[in-house]
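**Q** Sequence:
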Amino acid sequence: MTLPPKSDKKQIKKIYAVGSGKGGVGKSSVTSLLAVAAARQGKKVGIMDADITGPSIPTFFGLRTFPFGNAEGIEPPKTKLGIRVISMNLLLDDPAKPVVWRGPLLGNAVTQFFTEVKWEDLDVLFIDLPPGTGDAVLTVMQTIPLDGFLLVTSPQEIASLVVRKAAKMAEMLSVPLAGVVENMSAFVCPDCGKRVELFGKSHSPALLEHLGASFWGSLPLDPALAEMADSGTIENYGNEEVFSVLTKGLQEKM
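Under UniProt numbering, think of the first position of the sequence shown as 1, with each following residue one higher.
These are computed hints drawn from the structure, not numbers from a lab. You may find that some hints are simply not true.
Claimed, not checked - Computed cross-link-like contacts, EDC-like style, restricted to lysine to aspartate or glutamate with a CA-CA straight-line distance of at most 20 Å: (1) Lys9 <-> Asp121; (2) Lys194 <-> Glu241; (3) Lys13 <-> Asp123.
What the hints assert, rightly or not - Okay, the calculated beta carbon distance ranges per label pair: (4) Asp8 <-> Pro190: 18 to 28 Å; (5) Glu240 <-> Asp191: 15 to 25 Å; (6) Gly134 <-> Gly212: 36 to 46 Å; (7) Cys192 <-> Ser244: 14 to 24 Å; (8) Glu240 <-> Asp8: 35 to 45 Å; (9) Val100 <-> Gly62: 24 to 34 Å; (10) Gln112 <-> Ser174: 19 to 29 Å; (11) Asp121 <-> Lys194: 12 to 22 Å; (12) Gly134 <-> Asp191: 34 to 44 Å; (13) Arg64 <-> Lys118: 12 to 22 Å; (14) Phe68 <-> Gly193: 46 to 56 Å; (15) Glu171 <-> Asp191: 38 to 48 Å.
It should be emphasised that the depicted structure is a prediction, and the values quoted were computed from it without experimental measurement. The C-beta atom is built at its ideal place from N, Cα and C for all residues, glycine as well.
Given the sequences, and given the hints that come with them, work out the whole structure.
**A** Rendered as structure tokens:
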């Protein structure tokens, strides 16, 4: 397969796409938590929300600022921790308004988010991919110089099957796998501390054997995270188990 030339990496040291191939596994929350973990380590961080038709990153961070643009490019809003964010929701006068675009327009928007935004000298840029293997995902993998693709899965076998497709797509496009994170692995009872596997036994071991990818770890199903994401305060999340997994994975890659 002949691939198009990729965009210049600018001054960004590391670029990681975060995806799953399937919706409902908490991919955007993992992307957000990765950015928070890196920012807490003192890194200069950015998030590019490539889910054009279903963006959620601004909501998680409580961002409503319209990006400022001039001849030099688009200045992305910053979160409380200084994380630079660009998302389609920040460009709409009404966040509830649907974006009804065909493939070429989606691809163009993704390209502009990378090339026309003033990311400056970031240590790491995380790209939150939409579910599936459609135009936006293809554009990211074909045109942006990725350092790796982090796969997010959940314990169910169906999630593992779909994630394999996303991994195969990355392989076809010569994008290296950065690793696998299993999200929503278990619920920890706040009263007795017992771990309950709400989605059954994990199928991630078989997935990892198939992919030959490194396993970053398992993240629990935590209602507190959902509450903070809904209220736009995800930067205040403090689950040590979660950040231990993500920080260790980031340190190995950065």
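**Q** Please go over all the hints and tell whether each is borne out by the structure.
**A** Do the hints match the structure? See the list:
no.	hint	result
1	Lys9 <-> Asp121	holds (10 Å)
2	Lys194 <-> Glu241	holds (15 Å)
3	Lys13 <-> Asp123	holds (5 Å)
4	Asp8 <-> Pro190: 18 to 28 Å	violated (48 Å)
5	Glu240 <-> Asp191: 15 to 25 Å	holds (19 Å)
6	Gly134 <-> Gly212: 36 to 46 Å	violated (26 Å)
7	Cys192 <-> Ser244: 14 to 24 Å	holds (22 Å)
8	Glu240 <-> Asp8: 35 to 45 Å	holds (38 Å)
9	Val100 <-> Gly62: 24 to 34 Å	holds (26 Å)
10	Gln112 <-> Ser174: 19 to 29 Å	holds (23 Å)
11	Asp121 <-> Lys194: 12 to 22 Å	violated (46 Å)
12	Gly134 <-> Asp191: 34 to 44 Å	holds (43 Å)
13	Arg64 <-> Lys118: 12 to 22 Å	holds (20 Å)
14	Phe68 <-> Gly193: 46 to 56 Å	holds (48 Å)
15	Glu171 <-> Asp191: 38 to 48 Å	holds (45 Å)
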